[in-house]
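Student: Residues per chain, in single letters:
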Amino acid sequence: MNDPIVLEGNAAVEEFDVRKYIRLQMMPHFLCPGCGHGIALRALLWAVHELGIDKDRLAVVSGIGCAGRLSAYIDANTFHVTHGRPLAFASGLALVRPDLHVVVITGDGDCLAIGGNHFIHTCRRNLKLTCLMLNNEVYGMTGGQVSPTTSETRITTTTQLGNAEPHFDACALAAAAGAGFVGREVTHHVPKLKDVMRAALEHPGFAFVEVMSDCTEIFGRKNDMGSSPEMILRQKSEIRPSAYRDTVETPFRPNTLPTGVLMCNERPEYGAAYRQYAQTVKSAGDGKQKRG
Amino acid sequence: MSIATVAVEPAASNLRLLSGNHACALGAIAAGCRFFAGYPITPSSEIAERLSRELPRVDGVFIQMEDEIASIAAVIGASMGGAKAMTATSGPGFSLKQENLGYAALAEIPCVIVNVMRGGPSTGMPTRPAQGDIMQARWGSHGDFPVIVLAPGSVREIYEETIRAFALAETYRTPVTVLYDQSIAQLLETVELKQPGAPVERKWASGPPEKYQPYAPLDNGVPAMARPGDGYRSHTTGLTHAENGFPTQTPEVVERNIGRLLGKLERHRAAIESFQTLRCEDADVVVVAVGISARAAGSAVAACRAKGIRAGMFRPITLWPFPEEALRRAASGARAVLVPEMNAGQMRLEVERVLGRDVRIEGLHKISGDPIDPAAITARIEALCI
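Chains A and B, in that order, give the protein sequences.
For what it's worth, the numbering used here labels the leading residue of the first sequence as 24, then goes sequentially.
For what it's worth, the numbering used here labels the leading residue of the second sequence as 1117, then goes sequentially.
Isolated chain A (complex conformation):
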């Protein structure tokens, strides 16, 4: 087994140039005008650059949907797998290759609906992985159906009278399931988004980052939410950054969506714990346990 990764940082921090990290032959990308996913992708690559992560040591595993397509644009070892399963694929990869930085890119449907079981168990297991969930509140690739994060009352192609289901708070779910690191940011704050992703990449255990993205074409249009800048500004007006967590409520401004690093702990990382267990078994000879 290869030695686990050690982050050394980008000693001579040169100017970030996104073109060094993407597959230029894949441009132009297929995202709709106004989609926030490109901002999230850029922030991720910026964080990768700042940390000095070698592209050869970067593995990106993505699921199905608009977010899932992003892996193909990254100049790294990229795996576009089945719907809902990127965390499970990535777990196998990370367990046999602790020398790689394994990043999962997933969407709200991919991560919380079809992949919900993998999500909560990956949080619980706390294996070293970085998971970015791009939340655009909708199944965009399939034409705009309701997702587990669609806000109540919103119109989608499968909730044409308005959504009657409450939505998941993905960060609360991740924290409750035991994730070592939980963060959230909006695409309006690109440097902050980069910083949260950077902290997630540096975290020794499972790190989950929810990016509040916007789907202008398929979701915003149906709900009269305006153009992309309007959607992004609306998100910005709704957040409550972690730095302001303890301030008093501002009257008439609900500011309910917590952003920033919401949780970070040093719970034991699964891969390291397993390798230590294996070492104990090996040094104990044949490893057979005595039966009483």
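In case anyone wonders, no lab produced these hints; they're calculated from the structure.
Please note that a few of the clues may not be correct.
Said to hold, decoys possible - With a Cα cut of at most 27 Å, we get these calculated DSS-like pairs of lysine-lysine:
#	chain 1	residue 1	chain 2	residue 2
1	B	K1310	A	K78
2	A	K43	B	K1327
3	A	K78	B	K1423
As the list claims (entries may be wrong) - Covered stretches of chain A (in silico footprint by chain B; criterion: 3 or more residues with CB under 8 Å from a CB of chain B, positions within the stretch not fixed):
#	region
4	216 to 230
5	251 to 261
6	291 to 303
As the list claims (entries may be wrong) - Derived DEER-like restraints, expressed as beta-carbon distance ranges:
#	chain 1	residue 1	chain 2	residue 2	range
7	A	M50	B	N1336	32 to 42 Å
8	B	T1158	A	E188	53 to 63 Å
9	B	E1368	A	T180	45 to 55 Å
10	A	D77	B	L1355	24 to 34 Å
11	B	V1370	A	D77	49 to 59 Å
12	B	A1332	A	T165	27 to 37 Å
13	A	M50	B	T1356	13 to 23 Å
Computed from a predicted model, the values in this text were never measured in an experiment.
Positions of the beta carbon are idealized from the N, C-alpha and C atoms, including for glycine.
For this one, chain A is given, so just place chain B on it according to the hints.
Tutor: Relative to the frame of chain A, chain B by itself:
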């Protein structure tokens, strides 16, 4: 085929009294398997239990995942990282794994899936044997895809075929299913654990990265795989892809790539196929059977011969691709063919397809959760000879 009666030497012997599932686990270790992900399911769980003990001792990784789908996903992920990887399950879990099995077939990721068959359909009879997954093992995932299925018939053969499953998976970059039923899985037999040679390695990409085409075939029709960290930074996808690994819907590119994929195993059929023939040369009745049913058939053939009835047996060990030519040869002189199997007639369909209408083909099907009795096969052979 009978239970070995050799005395077990006390020391330094390779003879072990093992169940089929334990033999499978040890075969995997001998083949170089260094990653196992599974989910508890009767009657395959002993494979996971044994490997949870064995793998850490050889620097491998065992993990029990949250469900059947996660198990095969983790196995494919580990194989993408360069490890030889395996999962094991039974019918309900095998159904759940089908989508990712198709992914491994299309993305050409080597992996081994053990399916210990139990009574079905649905939850069925978890502790009873059956052979109801023969067609699912071939056609279970959607679309046309290549797959290899091995059907061992004894504990020794489970050990050997598990080793061969890894060799085939690595050589042809394809998922390989090892298919046997509950009765052999939990049968105890003495097995000589022959140490195989060095594990077969898949062909890794070499040469300049800028010239590397992830799905451009080598001379044998199988592309070289890029190992993460080696500098190739390639893309793997379940979307239909071109030689460069990126998605395509250009009809002629799709035709060429899917055509190669489907022809990949056909091209190496001779190296993949394996089967056993028993006294087929002069047989009036040829019994075609796999797994535990073939053990009963072997006894029935012996009983018939003792009575002067010319019976023979053909046993596919490689179930898919089905050894068509070998069956045609074995049955060329037969008046009738009998297919005893613990399902409602799945392999019979394939035998009918291969042999056509020139010979009388009958099935002997058992769906009760009991193995087929040699006497039942003997009686049917006798009836076919009248």
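Student: Please list, smallest to largest, the hint numbers that this structure does not respect.
Tutor: 1, 3, 4, 5, 8, 9, 11
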